[in-house]
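Asks: For reference, the chains in residue letters:
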Amino acid sequence: MVARGQSKAPIKIGMPTILSGRVAQIGISSRNAAQMAVDDFNAAGGLDGRMIELVVRDSKGKPDEAARVVRELINSDACTIILDAEASSASFAVQEVVRETGHLCIHTVSETSSLSADSKIRTANAFRAARQGIHDSSFAGKYAAEIAKAQGLKRWMICSPDYAYGRDTSGEFLEYLKIFEPSVELAGETWPKLFAADYTENITKILQVKPQALYTCLYGGDLVTFIDQGNLYDLFAQANVFAVNMADYTTLREIKKLPKGIHSANRYLTTFPATKANAEWGERYRKKYDVLPINWSWENAVGMQFLTEAMKKTGSDDGKVLAQALRGMVIESPFGADGKITMRAEDQTIVGYAIGWGTTIPTQPYVTDMQAADWGFIVEREAEWKKRKGYA
Amino acid sequence: MNLDALLDCVAASSCLATQISAGLIIGMLLFLVACGLTLIFGVLGVINFTHGSFYMMGAYIALTTFQTTGSYALAVLASTLGVALFGVIFERFFMARVYGADVLMQLLVCYAFILILDDMAKIVWGADFRAMGMPEAFVLPPLRVAGGFLPPFYLFLAAVTVAIAITLGVVIAKTRFGKIVRAAAANRQMVGVLGINTALLYAAVFALGSALAGIAGALAAPVRSVVPGMGFSILIESFIVTVIGGMGSIAGAFVASILVGITRSFGSIGFPLFTDGTMFVFMALVLLIKPTGLFGRRPG
Numbered sequence: 001m002v003a004r005g006q007s008k009a010p011i012k013i014g015m016p017t018i019l020s021g022r023v024a025q026i027g028i029s030s031r032n033a034a035q036m037a038v039d040d041f042n043a044a045g046g047l048d049g050r051m052i053e054l055v056v057r058d059s060k061g062k063p064d065e066a067a068r069v070v071r072e073l074i075n076s077d078a079c080t081i082i083l084d085a086e087a088s089s090a091s092f093a094v095q096e097v098v099r100e101t102g103h104l105c106i107h108t109v110s111e112t113s114s115l116s117a118d119s120k121i122r123t124a125n126a127f128r129a130a131r132q133g134i135h136d137s138s139f140a141g142k143y144a145a146e147i148a149k150a151q152g153l154k155r156w157m158i159c160s161p162d163y164a165y166g167r168d169t170s171g172e173f174l175e176y177l178k179i180f181e182p183s184v185e186l187a188g189e190t191w192p193k194l195f196a197a198d199y200t201e202n203i204t205k206i207l208q209v210k211p212q213a214l215y216t217c218l219y220g221g222d223l224v225t226f227i228d229q230g231n232l233y234d235l236f237a238q239a240n241v242f243a244v245n246m247a248d249y250t251t252l253r254e255i256k257k258l259p260k261g262i263h264s265a266n267r268y269l270t271t272f273p274a275t276k277a278n279a280e281w282g283e284r285y286r287k288k289y290d291v292l293p294i295n296w297s298w299e300n301a302v303g304m305q306f307l308t309e310a311m312k313k314t315g316s317d318d319g320k321v322l323a324q325a326l327r328g329m330v331i332e333s334p335f336g337a338d339g340k341i342t343m344r345a346e347d348q349t350i351v352g353y354a355i356g357w358g359t360t361i362p363t364q365p366y367v368t369d370m371q372a373a374d375w376g377f378i379v380e381r382e383a384e385w386k387k388r389k390g391y392a
Numbered sequence: 001m002n003l004d005a006l007l008d009c010v011a012a013s014s015c016l017a018t019q020i021s022a023g024l025i026i027g028m029l030l031f032l033v034a035c036g037l038t039l040i041f042g043v044l045g046v047i048n049f050t051h052g053s054f055y056m057m058g059a060y061i062a063l064t065t066f067q068t069t070g071s072y073a074l075a076v077l078a079s080t081l082g083v084a085l086f087g088v089i090f091e092r093f094f095m096a097r098v099y100g101a102d103v104l105m106q107l108l109v110c111y112a113f114i115l116i117l118d119d120m121a122k123i124v125w126g127a128d129f130r131a132m133g134m135p136e137a138f139v140l141p142p143l144r145v146a147g148g149f150l151p152p153f154y155l156f157l158a159a160v161t162v163a164i165a166i167t168l169g170v171v172i173a174k175t176r177f178g179k180i181v182r183a184a185a186a187n188r189q190m191v192g193v194l195g196i197n198t199a200l201l202y203a204a205v206f207a208l209g210s211a212l213a214g215i216a217g218a219l220a221a222p223v224r225s226v227v228p229g230m231g232f233s234i235l236i237e238s239f240i241v242t243v244i245g246g247m248g249s250i251a252g253a254f255v256a257s258i259l260v261g262i263t264r265s266f267g268s269i270g271f272p273l274f275t276d277g278t279m280f281v282f283m284a285l286v287l288l289i290k291p292t293g294l295f296g297r298r299p300g
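Chains as they are written, first to last, in this note's numbering: chain A, 1 to 392; chain B, 1 to 300.
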């Protein structure tokens with residue numbers, strides 16, 4: 001006998017993401033977290049007995065394929081909502097598809113600020129539940145400037161991946177570093193290719209330049225390789241390193257000899273924010289998938305939570321109704337700086353999520369002495385940046 | 001372009017020592033992969049596009065063996081033998097069927113195996129990157145040579161590669177097997193007519209070439225992320241080395257590997273935004289001057 005709730009049509013949410021290739025961990029961690037949130041929602045009875053069905057498709061991270069996959073999710077799979085777990089380049093393609101179809105979309109991975117900051121790119125039916133480059137960069141610049149001031153770090157160098165994300169993020173970091181500590185100078189830069197196998201030439205160049213501090217936004221396997229190869233040259237004893245993407249468990253756990261004292265922002269840590277709710281969520285995820293969550297996990301959990309909260313609030317799964325409810329919505333969240341995250345109405349992006357920088361230690365919890373960002377400061381810097389860019 | 005930095009580097013012994021050693025290190029791994037590729041091409045006349053995947057297999061086998069036994073020596077041995085064995089199976093059951101076929105058919109077989117091996121790696125080891133970590137014996141501070149830095153593991157890597165290059169050179173030049181290989185490279189049909197078991201020869205050469213890729217993967221595993229698809233980028237660079245050195249020439253592959261490594265190493269100082277490009281410019285210059293590559297010979 002079929003239960004009453006099971007006979008109701010499911011609410012289909014389509015998720016285009018990357019499930020193959022070097023950054024398949026984006027898709028795997030995104031899908032895991034979204035599915036965990038869906039399971040919670042369904043276990044609690046769904047939306048008046050209607051269950052959510054998550055339909056996940058691999059785009060391989062290619063923009064044209066992502067656009068095709070989204071159309072397929074909408075037209076063939078009858079998905080009414082898109083949870084876009086694509087990296088930035090493909091997210092922009094997804095944005096154009098949903099702009100045309102009018103489907104509700106929540107971007108959960110892209111950190112490129114312009115996706116929601118630029119009114120020419122923004123669209124009323126698309127939201128972002130992911131960190132944003134400008135939020136991270138402004139606080140990173142302030143944090144690094146304070147250390148530069150205290151330790152007299154004048155000569156800086158950049159070693160970041162040679163594509164839009166690497167160049168933009170490094171540029172924004174340097175801009176804020178110079179605003180808060182004008183005496184720093186860029187002594188050198190080296191731009192390894194994305195997914196480079198060998199960083200020897202970059203490391204030896206850093207050794208030649210002899211910077212006092214090094215900034216890198218390498219991530220994942222690339223960062224692990226860079227650290228492993230840098231260890232061979234004793235690089236981390238010769239320069240202060242600021243690695244924005246270090247504090248994520250796949251990276252921290254794969255590095256066999258994690259150097260002490262590398263500065264990193266939190267991507268995802270079960271110990272930051274240091275709350276019971278965050279630790280419990282991390283443990284629940286670990287138990288379910290036998291792996292610790294990472295940055296994209298919490299972002300997708302937040303994206304899905306916004307959707308389910310909006311459904312509960314409105315009693316509807318209609319995209320337009322949900323979009324109206326999402327604008328300005330505040331949710332209780334383990335990942336909030338003060339236990340809450342807001343979907344800011346003006347640009348439909350999240351604010352108030354936990355941002356902090358700390359330093360690495362070789363064993364768990366891997367990153368200590370976390371300094372939490374003040375969101376008043378971030379919002380002020382963001383407003384100035386928007387004016388400079390002509391977005392405001 | 002930063003020619004001032006390049007000139008400063010050339011004038012400073014510490015920079016010169018570090019960049020030359022870095023160039024040699026980059027070149028050594030390239031040589032191990034490229035010489036297997038060129039050996040197979042020289043004797044069998046086929047370009048084994050799956051060669052990068054063999055390198056990946058070597059890295060994964062080393063990772064698993066090292067994590068299971070804790071012995072790096074065993075990890076290198078397991079990779080060498082494991083990939084050699086797979087190379088023989090691949091050659092006998094698949095490549096042997098397309099030797100006489102159109103090059104597109106050979107390419108199709110190789111490409112299919114690249115996809116299959118990448119997917120197999122995902123199924124067995126997962127889609128995420130893995131890191132092996134440095135064997136305890138090499139967890140040492142870098143040596144200081146003329147004011148520059150030289151990590152002990154890279155010294156080991158270079159020593160192993162040079163030993164392999166010398167051994168290969170001696171085997172090819174001085175042994176009966178080497179004579180047959182050289183004869184087959186010159187005229188495959190004639191070797192068969194003289195009563196040499198060419199099927200066995202081809203399998204042996206494929207095993208040797210594959211073993212070299214396996215060793216390269218095992219030597220790379222402690223310092224590179226092990227991930228499905230990792231063979232692709234090294235395959236491209238190995239082709240460049242093979243073309244510069246001359247298709248089928250092991251000596252050419254050795255010299256070209258070092259030259260490419262040095263070009264990249266100094267290119268990162270003088271042309272930081274065009275480091276990869278320097279490699280292609282170098283290849284173009286060599287081909288303009290000597291279209292068959294540095295050590296290549298015109299067919300026939």
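In short, the hints are calculated from the structure, not lab data. A couple of the hints might just be wrong.
[To be verified] Subject to a maximum C-alpha distance of 25 Å in a straight line, what follows is the list of computed DMTMM-like cross-link-like pairs (lysine to aspartate or glutamate): (1) A:Lys260 x B:Glu136; (2) A:Lys154 x B:Asp4; (3) B:Lys122 x A:Glu380; (4) A:Lys288 x A:Glu96; (5) A:Lys60 x B:Glu136; (6) B:Lys122 x A:Asp58; (7) A:Lys257 x B:Asp4; (8) A:Lys149 x A:Asp374; (9) A:Lys389 x A:Glu175; (10) A:Lys12 x A:Asp318; (11) A:Lys193 x B:Asp102; (12) A:Lys120 x A:Glu96; (13) A:Lys62 x B:Asp118; (14) A:Lys288 x A:Glu332; (15) A:Lys210 x B:Asp4; (16) A:Lys387 x A:Asp168; (17) A:Lys193 x A:Glu172; (18) A:Lys62 x A:Asp39; (19) A:Lys149 x A:Asp118; (20) B:Lys122 x A:Asp234; (21) A:Lys257 x B:Asp8; (22) A:Lys60 x B:Asp119; (23) A:Lys120 x A:Asp40; (24) A:Lys193 x B:Glu136; (25) A:Lys256 x B:Glu136; (26) A:Lys312 x A:Asp290; (27) A:Lys154 x B:Asp8; (28) A:Lys260 x A:Glu189; (29) A:Lys120 x A:Glu332.
[What the hints assert, rightly or not] Stretch by stretch, here's where chain A covers chain B in the computed footprint (C-beta under 8 Å, at least three residues): (30) 53 to 66; (31) 100 to 108; (32) 129 to 135; (33) 228 to 234; (34) 286 to 296.
Only a predicted model underlies this, so the values are computations on that prediction, with no experimental measurement involved. Positions of the beta carbon are idealized from the N, C-alpha and C atoms, including for glycine.
Asks: Take the hints in turn and mark each one as holding or not.
Replies: Structure-based check of all given hints:
With a C-alpha separation of about 19 Å, the suggested pairing of Lys260 (chain A) with Glu136 (chain B) holds against the 25 Å cut-off. For the proposed pair Lys154 (chain A) and Asp4 (chain B), the alpha carbon gap of about 22 Å is at most 25 Å, so the pair holds. For the given pair, Lys122 (chain B) sits about 45 Å from Glu380 (chain A) by alpha-carbon distance, which is inconsistent with the 25 Å threshold. Our distance criterion of 25 Å between C-alpha atoms is broken by Lys288 (chain A) and Glu96 (chain A), whose separation comes to about 35 Å.
Under the criterion of a C-alpha separation no larger than 25 Å, the hint pairing Lys60 (chain A) with Glu136 (chain B) is inconsistent with the structure, at around 37 Å. Simply put, Lys122 (chain B) and Asp58 (chain A) have alpha-carbon atoms about 15 Å apart, close enough for the 25 Å limit, and the pair holds. Distance restraint check for Lys257 (chain A) and Asp4 (chain B): the Cα-Cα separation of roughly 36 Å exceeds the 25 Å cut-off, and the hinted pair is therefore not satisfied. Taken as a hint, the Lys149 (chain A) and Asp374 (chain A) pair is honoured in the structure, with Cα atoms around 20 Å apart against an allowance of 25 Å.
At most 25 Å may separate the alpha-carbon atoms for a hinted pair to count; Lys389 (chain A) and Glu175 (chain A) meet this at roughly 13 Å. Taking the CA atoms of Lys12 (chain A) and Asp318 (chain A), the gap is near 11 Å; set against the 25 Å cutoff, the hint holds. For the hint linking Lys193 (chain A) to Asp102 (chain B), the alpha-carbon distance of about 35 Å lies beyond 25 Å, and the restraint is violated. Of the pairs offered as hints, the one joining Lys120 (chain A) and Glu96 (chain A) holds, with about 11 Å between alpha carbons and a cut-off of 25 Å not exceeded.
A hinted pair counts as satisfied when its Cα atoms are at most 25 Å apart, and Lys62 (chain A) with Asp118 (chain B) qualifies at roughly 18 Å. The hinted pair formed by Lys288 (chain A) and Glu332 (chain A) meets the criterion: a straight-line CA distance of about 22 Å does not exceed 25 Å. Annotation: proposed proximity of Lys210 (chain A) to Asp4 (chain B) holds, straight-line Cα distance about 16 Å (limit 25 Å). Between Lys387 (chain A) and Asp168 (chain A) the alpha-carbon distance is near 18 Å, which keeps this suggested pair within the 25 Å criterion.
Distance check on the hinted pair: Lys193 (chain A) and Glu172 (chain A) sit about 20 Å apart at the alpha-carbon level, within 25 Å; holds. Straight-line distance between C-alpha atoms of Lys62 (chain A) and Asp39 (chain A) comes to about 29 Å, which puts the hinted pair past the 25 Å bound. At most 25 Å may separate the alpha-carbon atoms for a hinted pair to count; Lys149 (chain A) and Asp118 (chain A) exceed this at roughly 34 Å. Taking the CA atoms of Lys122 (chain B) and Asp234 (chain A), the gap is about 33 Å. The hint is violated against a cut of 25 Å.
Our distance criterion of 25 Å between C-alpha atoms is broken by Lys257 (chain A) and Asp8 (chain B), whose separation comes to about 33 Å. A C-alpha spacing of about 14 Å is found between Lys60 (chain A) and Asp119 (chain B), which places the hinted pair at or below 25 Å, so the restraint holds. The hinted pair formed by Lys120 (chain A) and Asp40 (chain A) fails the criterion: a straight-line CA distance of about 36 Å is larger than 25 Å. Annotation: proposed proximity of Lys193 (chain A) to Glu136 (chain B) is violated, straight-line Cα distance about 30 Å (limit 25 Å).
Proposed proximity of Lys256 (chain A) and Glu136 (chain B) is supported: the alpha carbons are some 11 Å apart, at most 25 Å. Of the pairs offered as hints, the one joining Lys312 (chain A) and Asp290 (chain A) is violated, with about 30 Å between alpha carbons and a cut-off of 25 Å exceeded. About 21 Å separates the Cα atoms of Lys154 (chain A) and Asp8 (chain B), which keeps this hinted pair within 25 Å; it holds. Taken as a hint, the Lys260 (chain A) and Glu189 (chain A) pair is honoured in the structure, with Cα atoms around 24 Å apart against an allowance of 25 Å.
Using a Cα cut-off of 25 Å, the hinted pair Lys120 (chain A) and Glu332 (chain A) is violated, with the two alpha carbons roughly 31 Å apart. Counting residues of the segment 53 to 66 of chain B whose beta carbon lies closer than 8 Å to any beta carbon of chain A gives 0, which falls below the threshold of three, so the coverage claim is violated. Chain A is given as covering the segment 100 to 108 of chain B, and this is violated because 0 residues of the stretch bring a CB closer than 8 Å to a CB of that chain, at least three being needed. Under the rule that three or more residues need a Cβ within less than 8 Å of chain A, the assignment of the segment 129 to 135 of chain B holds, with 6 such residues.
Proximity of the segment 228 to 234 of chain B to chain A, defined as three or more residues with a beta carbon under 8 Å from a beta carbon of that chain, is established by the 5 residues found. Given a C-beta distance limit of less than 8 Å, the hint that chain A covers the segment 286 to 296 of chain B is violated, as 0 residues qualify and 3 are needed.
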